[in-house]
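Colleague: Sequence:
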Amino acid sequence: MYVSSVSSGPVRWGILATGRIAHTFAGDLALLPDNALVAVGSRSAESARLFAEEYSSPSAPVHAHPSYGDLADDPDVDVIYVATPHGRHDIDVLRCLESGKAVLCEKPLTLEAASAERLVAAARSRGLFLAEAMWMRTNPNIRRVVELAHDGACGTIAQVRAELGFVAPANIERLWDPALGASALLDIGVYPLTFAHLVLGEPDDIAAAGTLSERGYDLGGGATLTYPGGAVASLAWTQMAWSDNRAAVSGDAGRLEIPARFHETTGFTYAHGETVETHGQPLTGHGFAHEIEEVAACLRAGRTESDLLPLDGTLAVMKVMDEIRGLLGVSYD
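Read in order, the letters of the sequence shown are residues 1493 to 1825 in our numbering.
Quick caveat, the hints were computed from the structure, so don't treat them as lab data.
All values derive from a computational prediction rather than experimental measurement.
The beta carbon of each residue, even a glycine, is placed where N, CA and C say it ideally should be.
Check each hint, because a few of them may be wrong.
[What the hints assert, rightly or not] Here are the simulated lysine to aspartate or glutamate pairs, DMTMM-like style, with alpha carbons at most 25 Å apart: (1) LYS1811 with ASP1696; (2) LYS1811 with GLU1756; (3) LYS1811 with GLU1694; (4) LYS1811 with ASP1799; (5) LYS1811 with GLU1797; (6) LYS1811 with ASP1582; (7) LYS1811 with ASP1669; (8) LYS1811 with GLU1604; (9) LYS1811 with GLU1609.
[Claimed, not checked] Pairwise CB distance ranges, derived in the manner of DEER restraints: (10) PRO1558 with THR1718: 17 to 27 Å; (11) PRO1553 with ALA1662: 28 to 38 Å; (12) ARG1610 with ARG1707: 18 to 28 Å; (13) THR1516 with PRO1751: 50 to 60 Å; (14) THR1516 with ALA1671: 20 to 30 Å; (15) SER1536 with VAL1768: 44 to 54 Å; (16) GLU1665 with ARG1610: 25 to 35 Å; (17) GLU1538 with GLY1759: 34 to 44 Å; (18) ARG1707 with SER1617: 29 to 39 Å; (19) ALA1701 with GLU1665: 18 to 28 Å; (20) SER1551 with GLY1777: 13 to 23 Å; (21) PRO1774 with ARG1707: 38 to 48 Å; (22) THR1758 with PRO1720: 25 to 35 Å.
Could you build the full structure based on these sequences and the hints that come with them?
Modeller: Here you go:
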């Protein structure tokens, strides 16, 4: 049985699916010398071949698998990045776990909390690494904002604000097809909700409203979350408008502000009294490199869960999204 650890040499990655986000991930992976893309799987043999050719070199070939199952069974792969639409995540992640593979799955982990809990249980029962690819959690600037907030830089926190929105292209099918998990909440609302969770934890109460498509999924919405200490999070998301995409943490001693687009920020400001400080750290590549490095470090240490990408945190946010979907009247078969 495969053990979720890597003792020497580069961590060997497989990528499951060949869409746009898989290309972004592969590009960042190529920037990290202690990690290597060794295989890709697609339901189309031609797509797998073309993807493999793009990222292969004479000294580091990428093997093309004509099915997801073949990739999952590849003995030369240590960990698989699942890049399918989130309506498929439960099936694809479980297939990889059943083959004994560590998994980093694109967000959201699944469509709803119950199926996410099943995947977490499956990974834990097998002693295999699993994490949701919420790469914002590993952004060094987001991590520093959360650290400062928890250390009291803002004093007693009273407010968290975060929003994310864009105009979704008509040709990206997963954003419009309920069978693929179409939902602005699941696709981009998960970022403001995760940010609020990082700063404030689990809410006491949730109020939400939104706009639904003719096919019954949410195109955009907003939520107000209240917390035990009296703090309020005001969050919004949409795939129908260009939002300002900013975030902030405010308290009685100061304010931390993150410019657009907050989930991929390279800096932030800290205002306290008459002083405004500017802070920032560059991202490696598109920012995916930081989560890749975190997963690789866990695998080398023989860890099955990440402190930066915690499964319990993923499940907590999934449960909040379940409640919001219920308030909006959105459900999935």
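Colleague: Confirm or reject each hint.
Modeller: Against the structure, the hints come out as follows:
With a CA separation close to 13 Å, the supplied pair LYS1811 and ASP1696 stays within the 25 Å bound. Restraint check: the Cα-Cα separation between LYS1811 and GLU1756 comes to about 24 Å, which is no more than 25 Å; the hinted pair holds. Between LYS1811 and GLU1694 the alpha-carbon distance is near 10 Å, which keeps this suggested pair within the 25 Å criterion. Between LYS1811 and ASP1799 the alpha-carbon distance is near 19 Å, which keeps this suggested pair within the 25 Å criterion.
Distance restraint check for LYS1811 and GLU1797: the Cα-Cα separation of roughly 19 Å lies within the 25 Å cut-off, and the hinted pair is therefore satisfied. At most 25 Å may separate the alpha-carbon atoms for a hinted pair to count; LYS1811 and ASP1582 meet this at roughly 16 Å. Distance check on the hinted pair: LYS1811 and ASP1669 sit about 23 Å apart at the alpha-carbon level, within 25 Å; holds. Pair hint LYS1811 plus GLU1604 holds up; C-alpha atoms about 7 Å apart against a cutoff of 25 Å.
The hinted pair formed by LYS1811 and GLU1609 meets the criterion: a straight-line CA distance of about 10 Å does not exceed 25 Å. Take PRO1558 and THR1718: their Cβ atoms lie about 51 Å apart, and the range 17 to 27 Å is violated. Between PRO1553 and ALA1662 the CB atoms are about 37 Å apart, so this pair conforms to the stated range of 28 to 38 Å. Between ARG1610 and ARG1707 the beta carbon distance is about 26 Å. The supplied range of 18 to 28 Å therefore holds.
Hint check: THR1516 to PRO1751, Cβ distance near 21 Å, so the stated range 50 to 60 Å is violated. In this structure, THR1516 and ALA1671 meet the distance hint of 20 to 30 Å, their C-beta atoms being roughly 24 Å apart. A C-beta distance of roughly 52 Å is found between SER1536 and VAL1768, which places it inside the suggested range of 44 to 54 Å. In this structure the hint that GLU1665 and ARG1610 lie 25 to 35 Å apart at CB holds, the actual value being about 26 Å.
For the pair GLU1538 and GLY1759, the beta carbons lie near 42 Å from each other, so the given range of 34 to 44 Å is met. The beta-carbon spacing between ARG1707 and SER1617, approximately 36 Å, falls within the hinted interval of 29 to 39 Å. Checking the proposed 18 to 28 Å range against ALA1701 and GLU1665 shows it holds: the Cβ atoms sit about 27 Å from each other. For SER1551 and GLY1777, the Cβ-Cβ distance of about 21 Å falls inside the hinted range of 13 to 23 Å, so the restraint holds.
Evaluation of the 38 to 48 Å hint for PRO1774 and ARG1707 yields a pass: the beta carbon distance comes to about 41 Å. One distance hint, 25 to 35 Å for the beta-carbon pair THR1758 and PRO1720, holds here, with the actual separation near 33 Å.
This entry does not satisfy hints 10 and 13, going by the numbered hints stated previously.
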